[in-house]
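**Student:** Both chains are given apart, each in its own frame, so use the hints to dock them into the complex.
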Amino acid sequence: MKTATKIILAIVAIAVIAGGIIAYVYLGTQGSTTEAVTLNGAGATFPQPFLSATITTYTTQIKTNLKINYPGGGSGQGIQSFTNKQVDFACSDAPLTASQREAAPNALHIPETIGAITVAYNLPGISTGLKLTGPIVADIFLGTTKNWNDPAITILNPNLDLPDHAISVVHRSDGSGTTNWFTKYLSLVSTEWDNNVGSGTSVQWPGGIGASGNSNVAATVTTTEYSIGYIELAYALQNAVPVAALQNPKGNFVLPSLESTTAAAESLPTSGLPSGSASWESVNILNAPGDQAYPIVTPTYILLYQDLSVINGMDMNKATELLQYIWYVIHDGQQLANALEYSTLPSNLVQINEATLNSITFNGQPVPTH
Amino acid sequence: MDKKLTRDSIFQILTAVIAVSAVIILIANTIVLVTGSEIAVGRFGFGFLTGTNWNPVVGRESFGVLPYVLGTLLTSGIALLIGVPLSLGIAIFLVEMAPKAVKVPLSYLVELLAAVPSVILGLWGLFVLRFWILNYIEIPLNSYLGWIPIFSGTPFGLDFFTAGIILAIMIIPTVASVSKEVISAVPDSIREGAYGIGATKWEVIRHWVLNYGRSGIFGAVILGLGRAVGETMAVTMVIGNAVGPAAMPVTFFQAGQTLPSLIANGFLEAPNPLEKSAYVGAGLVLLLISVLINVVAHVMVTRVLKVKGGALE
Chain A
1 MKTATKIILA IVAIAVIAGG IIAYVYLGTQ GSTTEAVTLN GAGATFPQPF
51 LSATITTYTT QIKTNLKINY PGGGSGQGIQ SFTNKQVDFA CSDAPLTASQ
101 REAAPNALHI PETIGAITVA YNLPGISTGL KLTGPIVADI FLGTTKNWND
151 PAITILNPNL DLPDHAISVV HRSDGSGTTN WFTKYLSLVS TEWDNNVGSG
201 TSVQWPGGIG ASGNSNVAAT VTTTEYSIGY IELAYALQNA VPVAALQNPK
251 GNFVLPSLES TTAAAESLPT SGLPSGSASW ESVNILNAPG DQAYPIVTPT
301 YILLYQDLSV INGMDMNKAT ELLQYIWYVI HDGQQLANAL EYSTLPSNLV
351 QINEATLNSI TFNGQPVPTH
Chain B
1 MDKKLTRDSI FQILTAVIAV SAVIILIANT IVLVTGSEIA VGRFGFGFLT
51 GTNWNPVVGR ESFGVLPYVL GTLLTSGIAL LIGVPLSLGI AIFLVEMAPK
101 AVKVPLSYLV ELLAAVPSVI LGLWGLFVLR FWILNYIEIP LNSYLGWIPI
151 FSGTPFGLDF FTAGIILAIM IIPTVASVSK EVISAVPDSI REGAYGIGAT
201 KWEVIRHWVL NYGRSGIFGA VILGLGRAVG ETMAVTMVIG NAVGPAAMPV
251 TFFQAGQTLP SLIANGFLEA PNPLEKSAYV GAGLVLLLIS VLINVVAHVM
301 VTRVLKVKGG ALE
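Line order of the protein sequences matches chains A and B. Using my numbering, read the first sequence as starting at 1 and increasing by one per residue. Using my numbering, read the second sequence as starting at 1 and increasing by one per residue.
Just chain B, with the same shape it has in the complex (with noise of 0.2 Å):
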């Protein structure tokens, strides 16, 4: 009984280090980029969030991150575009239409997808990708809709839209195999019932099954937007990687920057100190954007719970 005791107390013991291990370096992370950032901070003030130049040259330094929290926030929204109602689709598919022979080795498929590493999805996206969309999508976009704003400029494939597709591509899997295991979840008895009023497919899907389900679904969109957000270095391979106010965003066809392609670029060769400091402040944007993302998520996933309330637990 006691050696039973002792055996739990260690294991609990264990799992608290570990949980609270987690926390810690949350924590560590956030006081290193804080005391990081200190001296662009420090020296721009609030002009550091608002500002639009990224200025290196000697005598002449003026550190902004708003180009960049802007293109991460574009690039991240066209992924969730293109990439939720694809990813709802093979779910829906996956779960409620597909043969039994159909729909395992697909939903492997599907997931394997995540297994390709970023890097892979960039060279191609710079290489192949890159000349389908501009060849397809933009050139006979900017010629026909170009008096649209954002489909204005001068095309060529390496931009906003080229990252939030190669983005999309990269959030499928995750968004599509949680939005499945959400929908398989639905108890059978609802879409019966629903069937039993004489509902179509599409209404039961529609109206019943989505309806159900979508805390988790819009969960899942959450993933996939973390993913998003924090990608690097497919983006960085495909969206132009200008600098300063260059790089606000005006157009889908215009090369820009996201946070984390801005760092991967220059972090590693800051040659100064205050250049140094703006790259880490530039990471503590991102990780206050990402804190951001997540609080609102729950928000709104318990603000849905209780909406629904009994109907959904």
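Chain A with its partners taken away, still in its complex shape (with noise of 0.2 Å):
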């Protein structure tokens, strides 16, 4: 009996060997008919949730076999892995500085598309209507105005009951685009900032809470009674935390929208724009001159190499599959960005994209893009 047991047992165990070994290798040709491509991308998480939908509809719709990974980390870390060729492409909402495209030869900016950068805060009991201009935020961000009850906060908002309590300011702890564009605005419209603090992708701030991360950021904010933030527009209304209203240099108070954001996008100059291999640290719509337009909006960008062959593991076919990947982005894709609340790109700007993609080779041969 016991025997029989163990040689029943065994031809169990046999069969059920000889059958997975004969599935894997059956679904193992089938795989391979199609070659099934990974491209890997990091960087800014500004864009993370237009990205993320059009990663899912391409994927999905378009390209079965295709897998595209971006897993965010901030545009420090993009414009760290992209310099060390880690990545296929990165993205970075600040564009890359003399010394960053020294360290990245032959880098080309793509614009992917414009946000808007807002002024989150919680407040128990007042879930809208917060107004605030861009001085008083660089004060309560430096650490000058400590209450919400402060007069220049109280003549602003006479109809809200803003409690005598310290604010709790929270920012990012990470390299980040977001603080690249949000420093470089308070410096903009506040000298004491530009004086003390200054702006880039990471500064030394006088106070507050440090989360890494837009999504971070909001999370914090949301926990945090008393609290204000600064979080990219699509993070703000995923968690639903109240923005303030801020007063752009035509004196109104503006929510951040896809429609002030647009706004703003427009003064965007029709000509006269870098190409996707010059520097695009000149352009900046911060304050913008529209009667709507929201005063913290930006474009954020893709990074490619010029010669794709530059990067590890990168072969033709895989160069092609990227290439027509991030033309979708800026043509198609387009599409998944005003849900999002997010601007979607000027003519102009996807003209001047299209030229950067095309001159885009691999080992010197042209890569097809669409």
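Calculated from the structure, these hints are not laboratory results. Fair warning: there could be bad hints in the mix.
[Unchecked claim] Derived DSS-like pairs: lysine-lysine, alpha-carbon spacing no greater than 27 Å straight-line:
#: 1; chain 1: A; residue 1: K184; chain 2: A; residue 2: K146
#: 2; chain 1: B; residue 1: K276; chain 2: A; residue 2: K85
#: 3; chain 1: B; residue 1: K276; chain 2: B; residue 2: K201
#: 4; chain 1: B; residue 1: K276; chain 2: A; residue 2: K184
#: 5; chain 1: A; residue 1: K67; chain 2: A; residue 2: K85
**Tutor:** This is how it looks when you write it as structure tokens:
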């Protein structure tokens, strides 16, 4: 009896193993008939909701055999991985600086979408209606305006019952393009900020709590009463966190929205923008002149190398898949932007991007883009 | 005979190689940290240790690690202050008082606490513990004892205090299980003798058992301190990640940073050589602190042994 059981067990075990091997070989050959390609990106969390939407749509409806990873990580990490050639593409809200362009020769900028940076707040009992000006936001982040019922804030908000409570400031702890544009805006509207802190992907914050990535700043603001922080608009909407209306140069208090972002994007010059291979450092639509333009709006960039052969593991097939995906992002993918409150690219930017993408090569050979 | 000798010598060589490689790894680490931090330490000199700025803005670069050294010491101090008495209580209960049926499962569970990954503790700290500490400890302490400098400020739960408590939880399994072994190793003859002269249970534990095992318990505390100083993930999630002068510890209820959390937050994406080198320098300072703790611990343990002399051996 015992021996019989052993034999039966052995047969069952062999059958299971053999079945597994057969299934593996069968599925393996099935899979290899069309080669799966994986593209890896990293960087800015600012455009991540938009990029994730394009990735989902593109890989489920258009290229089902393609896999695209975009885990975010922050613009700082994106630029770092791009410079070290660890990723196929990177995203950064901050255009490369002169020294970064030197470290990553032949880098190309591809503006992919335009978004707004909101000033989000958590005030128990106040879910809407806070108005702020740029200089006051700067004073709050400097720590010189400490209390919610500071006269500078109450005078702008006579309808709100602002509490006598200290303001908790929340900022990014990682290198961030969102930080870059937010601090550039604060430097623009407050000389005190410009002199004491300045601007960049990370700065020495005068105070407050640090959290990494747009989503963690949003989470920290929503869980910390009496706090204020800056996050990209899509994150504010996803987390249902209230955002302040900011005063624009025309004197109007404007809430961040698709309309006010688009109004700001319209101030991008229709001609004279740099080409993809030039520096984009001078392109800036902060404090845009439109009546209803939101003041902290910025384009965000995909970074690619002019010749893709510099990246390890790249081949012509993969390069083609990469460029076709990015071609999709700047064309059909733009339809996904508005639902997430990003502004679609103006046509002159799309034309510049087309020229940039068409100039990309692999080992000197042109790569088909569409 | 010959064959046995060669086998033995192979074994000897193997163990020697393994032992030496541990030393080589430490030396290689130190060399990398020293050469990697050359740019920053060379530029700021002694000011790198005493400076409070951490300013990466182009043209205003200035790096100093003082706030993070103090932050590391403060959070580890809070962890020891809370964690050590709890661990000793656990160890004493398990050895001296617990009935057998409780003893085995309970000591197993305490050791299991060491298996909880630090990121899990960090998440729990961020989403659950933070609010308990904020509502039931920080806000009451702040409103009634806010005139004491260490309890002043505006509590929001992501601060030195929460980080210290998370660290206390993390060192408990280490300190408790090592102390438990130390206390179990106290010979029964000591206890019997003490009871024999009429000591109560409390007196036996207080004057004989703990006294007898104190160098071992001190070693357990140092092991816990080592863990607290180097812990990264859980601390980064709850300490609030302030930078520069804002991270200088003034109160318990303030966002700050430890050396490991500073490195975890910024090293990967440091955009230029000077900033990167400053982060490596922070790593070097952390290594020095760990070495210092171990040297002090070693000296103190041997001194305790010497003073107590034969009584301990």
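**Student:** Does each hint hold? Answer for all of them.
**Tutor:** Outcome of the hint check:
no. : hint              : verdict
1   : A:K184 <-> A:K146 : holds, 22 Å
2   : B:K276 <-> A:K85  : holds, 18 Å
3   : B:K276 <-> B:K201 : violated, 57 Å
4   : B:K276 <-> A:K184 : holds, 23 Å
5   : A:K67 <-> A:K85   : holds, 19 Å
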